[in-house]
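Number of protein chains: 2
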Amino acid sequence: MASLAAPLAKLIEQLEQLPGLGAKSAQRIAFHILSQSPERVGALAEAITEARARIHECACCCNLTESEECPICSDPTRDRSVICVVGDPRDVLAIERTREYRGLYHVLHGNLSPMDGITPEKLRIKELLHRINDNDIQEVIMANNSTVEGETTAMYLSKLLGPFGIRVTRLAYGLPVGADLEYADEVTLRHSLEGRSQM
Amino acid sequence: MASLAAPLAKLIEQLEQLPGLGAKSAQRIAFHILSQSPERVGALAEAITEARARIHECACCCNLTESEECPICSDPTRDRSVICVVGDPRDVLAIERTREYRGLYHVLHGNLSPMDGITPEKLRIKELLHRINDNDIQEVIMANNSTVEGETTAMYLSKLLGPFGIRVTRLAYGLPVGADLEYADEVTLRHSLEGRSQM
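Residue numbers (my numbering), protein chains in the order written: chain D, 1 to 199; chain X, 1 to 199.
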């Protein structure tokens, strides 16, 4: 594309590096940006740098926050004896949306995947062990993804937590609500049979 | 989502305004940005403001360019007697990729759509008429989208260009290459019958 101006080509190149954006969508967004007022474009650029500059990991649970401790960790009404371990900050949002859980969280920032170079040291596992050591924790709920990496991480952590003598649990497997039995894969179906409950 | 830090919520809100990005993709990109180094995030923000600040419309064809005149308009090897009229700067790229066309372009920056408030004054039509008045143009090729808006724009312009006595042409309609006849809509099929050529 010889006829693309350099700053535009550079912008498209930057946008293409964002997750989920291919060449076509990056181009579309770049041209959209050029069609906006300088004020609106400035607001977008500022939101990007501001978010990166002001948001960091919570000193306690490693979730992303603007303050020293995140709002959940500093909420006195939360149950401080339960920690729910998740892989990603978005998983906290997903669980919070259920309005079911009142304990604390711990965000690992990833799942174990030695093939991709994600070894235990890359995750916030040390921080989790410190928390369990220093506080009176009754239960740790593993809420990792039900992928190979998530399972591996949950398994690894549950072994690591063994010596602490705490109750370690795992989210239930089964059919998603509203699912057609016909389309469920056999592993999910097997899990939902094993975990069946009295009606 | 009460537990989302303000700068993060603001970033997601800004990203959601970009074309093709829904709530989920905006969130995904925002979290990705937070996981990057400040240098990489700075480069993205700078590419956005730089592109907007340095790119403007070509004084001649209204295509987006960094210089006073775009590289195509200032290329002495291009045929200056033919103008290809397109709706969007991306259409110039699409036609350039064919390596078939050696004339100049004119970018209207939209297609007529009175329902959406896009009236002739909103498009670069005045600039096109000036070009045709001041230069020795032999042919104007209408390369508008084959949508209702594109058709309306091409029709409107061809009437406007009537008094100049120039050849006004339109891109051919027909089956896209590699298409299954079975799936072609009847209007396209009718056009491709009308425009059939000797083998």
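Derived by calculation from the structure, the hints in this document are not laboratory data. Computed from a prediction, not measured in an experiment: that's the story for all the values here. Please note: incorrect hints may appear among the correct ones.
When chains are identical, the list treats them as one kind, so a pair holds in a single copy or across two.
Only pairs whose alpha carbons sit at most 30 Å apart, straight line, appear in this in silico DSS-like list of lysine-lysine [unchecked claim]:
(1) K24 to K10
(2) K159 to K10
(3) K24 to K159
(4) K159 to K126
So, going through the hints one by one against the coordinates:
| no. | hint | result |
| --- | --- | --- |
| 1 | K24 to K10 | both (15 Å within a copy, 25 Å between copies) |
| 2 | K159 to K10 | neither (48 Å within a copy, 40 Å between copies) |
| 3 | K24 to K159 | neither (46 Å within a copy, 34 Å between copies) |
| 4 | K159 to K126 | within (14 Å within a copy, 74 Å between copies) |
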